[in-house]
Amino acid sequence: MRHKQNLVEFKIIRDRERCIQCEVCARQCAFEAHIFDADAREMESVDALCAGCQRCVSLCPTRALTVIKNPQEFRPDSYWTKNVLQGIYKQADTGGVLLSGMGTDKIYKSYWDRILLDASQVTNPSIDPLREPMELRTYLGAKPEKIELRSVGKTRKPRLAVKLAPQLRLETPIMFSAMSYGAISYNTITALARAAAKSGTFWNTGEGGFPKALYEYAPHTIVQVASGRFGVHSGYLNAASAVEIKIGQGAKPGIGGHLPGEKVSRLISETRMIPEGSDAISPAPHHDIYSIEDLAQLIGALKEATRYEKPISVKIAAVHNAAAIASGIVRAGADIVAIDGFRGGTGAAPTRIRDNVGIPIELALASVDERLRKEGIRHRASIVAGGGIRNSADVVKAIALGADAVYIATSALVAVGCHMCQKCYTGKCNWGIATQNDYLVKRLNPDIASERLSNLLKAWSREIKEMLGGMGIDAIESLRGNRLRLRAVDMTDTEMTILGIKPAGESL
Amino acid sequence: MNKKIKNRRHKSLKHSGGGRIGKPGESSVKYLIVGAGPAAIAAIEAIRKRDKRGAITIVSSEKEVFYSRPLISYLLADDIGEENLFYRGEDFISANAPLRIIAGAPASSINPRDKTAAIAYGRVLKWEKLIIASGGVPIVPPAILGAKNLRTFTTIEDARRLDADIKSGAKRAVVVGGGFIGLKCAEALVKRGVSVTLVELAMHVLPSLLDDVSAGIFQKNLERHGVSVRTLSSVEKIYDGGKKLKLSGGEVIETDIIISAVGVRPNVSFLEGSLIRMGKGVIVGDDMRSSADGVFAAGDAADVPEFFSGARRAVPIWPVARQTGAIAGENAAGGAARAAGALTMNSIEVFGLAVISAGSVNPSPDSGTAFLDGAAVETADGLADLPDGTPRYKKLVFDGGGRLAGFIMLGDVERAGIYTELIKNRASVAAFKRDLAGDSFGFICVGEENWKKRIMPLEV
Amino acid sequence: MKKIYAKPEYCMACRLCEIACFVKHSKSKKIIKAFREERGEFQARIIVEQSGPVSFALQCRHCEDAGCIEACLTGAMTRNPDGAVVCDENKCVGCWSCIMVCPYGVINHDRRRKKIAAKCDLCPDKNTPACVEACPNEALVYE
Chain B
1 MRHKQNLVEF KIIRDRERCI QCEVCARQCA FEAHIFDADA REMESVDALC
51 AGCQRCVSLC PTRALTVIKN PQEFRPDSYW TKNVLQGIYK QADTGGVLLS
101 GMGTDKIYKS YWDRILLDAS QVTNPSIDPL REPMELRTYL GAKPEKIELR
151 SVGKTRKPRL AVKLAPQLRL ETPIMFSAMS YGAISYNTIT ALARAAAKSG
201 TFWNTGEGGF PKALYEYAPH TIVQVASGRF GVHSGYLNAA SAVEIKIGQG
251 AKPGIGGHLP GEKVSRLISE TRMIPEGSDA ISPAPHHDIY SIEDLAQLIG
301 ALKEATRYEK PISVKIAAVH NAAAIASGIV RAGADIVAID GFRGGTGAAP
351 TRIRDNVGIP IELALASVDE RLRKEGIRHR ASIVAGGGIR NSADVVKAIA
401 LGADAVYIAT SALVAVGCHM CQKCYTGKCN WGIATQNDYL VKRLNPDIAS
451 ERLSNLLKAW SREIKEMLGG MGIDAIESLR GNRLRLRAVD MTDTEMTILG
501 IKPAGESL
Chain D
1001 MNKKIKNRRH KSLKHSGGGR IGKPGESSVK YLIVGAGPAA IAAIEAIRKR
1051 DKRGAITIVS SEKEVFYSRP LISYLLADDI GEENLFYRGE DFISANAPLR
1101 IIAGAPASSI NPRDKTAAIA YGRVLKWEKL IIASGGVPIV PPAILGAKNL
1151 RTFTTIEDAR RLDADIKSGA KRAVVVGGGF IGLKCAEALV KRGVSVTLVE
1201 LAMHVLPSLL DDVSAGIFQK NLERHGVSVR TLSSVEKIYD GGKKLKLSGG
1251 EVIETDIIIS AVGVRPNVSF LEGSLIRMGK GVIVGDDMRS SADGVFAAGD
1301 AADVPEFFSG ARRAVPIWPV ARQTGAIAGE NAAGGAARAA GALTMNSIEV
1351 FGLAVISAGS VNPSPDSGTA FLDGAAVETA DGLADLPDGT PRYKKLVFDG
1401 GGRLAGFIML GDVERAGIYT ELIKNRASVA AFKRDLAGDS FGFICVGEEN
1451 WKKRIMPLEV
Chain Y
2001 MKKIYAKPEY CMACRLCEIA CFVKHSKSKK IIKAFREERG EFQARIIVEQ
2051 SGPVSFALQC RHCEDAGCIE ACLTGAMTRN PDGAVVCDEN KCVGCWSCIM
2101 VCPYGVINHD RRRKKIAAKC DLCPDKNTPA CVEACPNEAL VYE
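So the protein lines, in turn, are chains B, D and Y.
Heads up: the first sequence runs through residues 1 to 508, numbered per our numbering.
Heads up: the second sequence runs through residues 1001 to 1460, numbered per our numbering.
Heads up: the third sequence runs through residues 2001 to 2143, numbered per our numbering.
Simulated from the structure, these hints should not be mistaken for laboratory data.
All of these numbers come straight from a predicted model, not from anything done at the bench.
One should not assume that every hint holds.
[Stated by the list, open to error] Counterexamples of contact, computed for chain Y against chain D with all Cβ distances above 12 angstroms: (1) 2026; (2) 2027; (3) 2031; (4) 2032; (5) 2033; (6) 2084; (7) 2121; (8) 2130.
[As the list claims (entries may be wrong)] List time: in silico DSBU-like cross-link candidates among lysine-lysine, alpha-carbon distance up to 35 angstroms: (9) D:1063 with Y:2114; (10) Y:2115 with D:1424; (11) B:198 with Y:2002; (12) D:1237 with D:1171; (13) Y:2002 with D:1453.
C-beta atoms are modelled at their ideal positions from N, C-alpha and C, and glycine is treated no differently.
Take the sequences, apply the hints, and build the full model.
Below is the structure:
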């Protein structure tokens, strides 16, 4: 017997007094959870189809709709929860692998929420960011061993004697993380590119390729070379500002990517350089990288192909040996190491992998930073941390733990309308984000979306300045790796040791 | 002063007319317009766009000027008052000065060679430019011509007369003519409590506007509201001064009043002997010029180039009066405008049932227009009734060249103008023919190249 | 003269503009009351046209060479000093000549008190027309 009735996740409540049968909800729901019954002349809702995306609730002109969790209750069981049972029912029904979109929603300790920041009091007074200049500018790339200067010309002006490796210049230490065109819509990547350009930072194409029409944003674009090598050609590499080799991704460490053939439209086929309508499957490993030496070779090849003009980044998922892996990556010649924690989002991943594989970014970041410093090679690459950065406080803490910059993706999508229904893999995103459907993609207006993204970066930058100022710091560089400005609450000794921070209450 | 100049002055007195008084009883004007309807108004407005000071004189046979004749049926039905009939008012006259009105003075003859016009009371006017916009006069079939209770339905005076008839007890009326005027008249009479019999010569009512299917629906609606309809019928004989009449089928009807509403012919009898080339009305080119120098014609009085064939005939509808009046005015004032061909189009609503039709709606081998060879007709007669029970019918006629040539929309007339525009533009509609005939057709059906530039913001 | 323009690339045919126009021209001006009591009596003056995924909202273009003004039998359809084409309800007799000539088909019947022609009036008592305000995706602009 199939358990459809036990798998209903949401309940749609319609206030009949307020419903005017305008049919906006029916028109806006790609899951077809609302229909207009012409005979009865009233709106009807089908709970079983509801994805809980809140689109209808947001657009209903009379606020007649409420979507809540299905209040159906099994006998209370903190171990065999309703969610656990439903997973088993589903798999017994279909024999399939459970899929989810976005990052894991399970209850795991959040270290960000247990780290507290310092503030200045009597000595080292705080700085008012509205009255004093605050430096958030960040350069990502390999830094020289030491600064050597020489005097130049009649006036003997000092100039740098060493040649700097290529750098990315960010006006704020926040970048948009990799989200492929295919997983998200063309309008969404347009918005990301525009906002990155406007805010003086970068966006990442993911493995979706770099559409030619967006080449005007190349000075703010990082292109990705992933295991499927989609869309990789010399024009692609040279158009952008940096190249990122994707080894892994926080949401699904150890496995590759999958874009269903239905989502491979003509433009995606052109951009990714694959036949239209065919599944785009990225294998788990790069089939030419089976050792750290192979990685070094690929990094070298990319540097050659880009004439040593662009930083090469390597992105890994945060896993147990993140520190050792990062060390190897830096020694292989990478200019930037990007670590993606297990809270990272995705368009589609097997639920069990998403929820159970990988480690929190806070711990990975701290251990990578510590390890590279110990080995004396911390200056050879910048660290970018991502995977569940939710607000400016998370950014400040990440930098204090050692990151040069952070990657945001889920936060960016939420800014442009995502309501975290986790149904990205269906391609029916009602907010026009994670879809290629001609009707749905129109719903994301890049003018509005890019402004919202710029607003987000502006707001977070303001808040970062406030927090820095509160600590008596006027340059983000002074906070980088400065564990002493952090304190821990509700953590074990081991956790505090790994993070390298003291418990709250302990002084310097 | 030497002799030469004296002679010249003498000559100019004889031949010019520009603003100076010549012989006694004669007065001169730059623009003389015969008629005071929509064509005349459009002509005045067009003249004033180019010539702010040339004197204009209007001569009208009616006492009331600048009113809208189509509105008399609403007046008779008591839906509006007399003051609502006026299309332009006092401020129009002062805004377009110098403008003189001579009302209640029909023109009696025109001399294009001398550029004079004789009007009532022996007055003679000299003109530089003449615009004939004298409209139409009602046709009366010979069989009823002698009736003592005969009425027509063209002018405001006609409406007043019928109103007086009703007030003095008239209870039964026979309306001869089932066209536009006849139906509106019948509707107004029924609203005033008069029982009406409608007599139409052709196979169905509104013979030039509808086809037999739509006319059938229309007639049912008339009968439902109390009008007795006789088609393929005419008045054969009248008795008792018109109080009794016999129809062609033999039926005898008693009535209080007979209204002749079979149509209008151009009001141009005053042009006899003028040597201006005439058809039924004044023949004009697409610049509204007649065969006589300085003489223009517009509106119901003119035989204008027809839209499809270019042949000259009267197209007595309001939009054509406005359009041709404007062209005549502009060209009289020195312009070189050309009118697009006059397209037949009509909108009529009787007893709550509306119909809009335009162009060629009854294509047939003997309709005499060559282009209709291979005309295709798309009919949507399975359309569901509107929620309030109004029946719906739609018919589209295409010509052999893939263009829309005509349409009828009955019941649900909204969006009809999209079709009218397609006909006027002679647009090729082959690509979206299916969408056009469908129930949910709209402006989006006319093709992206057409709608894109009309609704999107301009590129900066 | 400011007019309403559409951006088909962002129109998602949600028809919230039609709803806003309807409420704006209703008696009560309150959405629930208007829909409950006045629905079916008149229509919105803006139409969302749809053909597959392509859609846009259409209303009176306030044409410079407005055919409706020419065709109007009573002189009810005129151009006001701001340049907008407006229909004087007191003069209109509902002959539908304007509907006959409007190339966009954006004039409709309003038979509430008497039958008159109704069309977009650019919401003269508002800074921004109701439809432009209501569009959730900025697919209508007023410029």
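Here's how the hints hold up against the structure:
no. : hint               : result
1   : 2026               : 19 angstroms, holds
2   : 2027               : 20 angstroms, holds
3   : 2031               : 22 angstroms, holds
4   : 2032               : 21 angstroms, holds
5   : 2033               : 21 angstroms, holds
6   : 2084               : 17 angstroms, holds
7   : 2121               : 17 angstroms, holds
8   : 2130               : 18 angstroms, holds
9   : D:1063 with Y:2114 : 31 angstroms, holds
10  : Y:2115 with D:1424 : 28 angstroms, holds
11  : B:198 with Y:2002  : 29 angstroms, holds
12  : D:1237 with D:1171 : 21 angstroms, holds
13  : Y:2002 with D:1453 : 17 angstroms, holds
Of the numbered hints stated above, none is contradicted by the structure.
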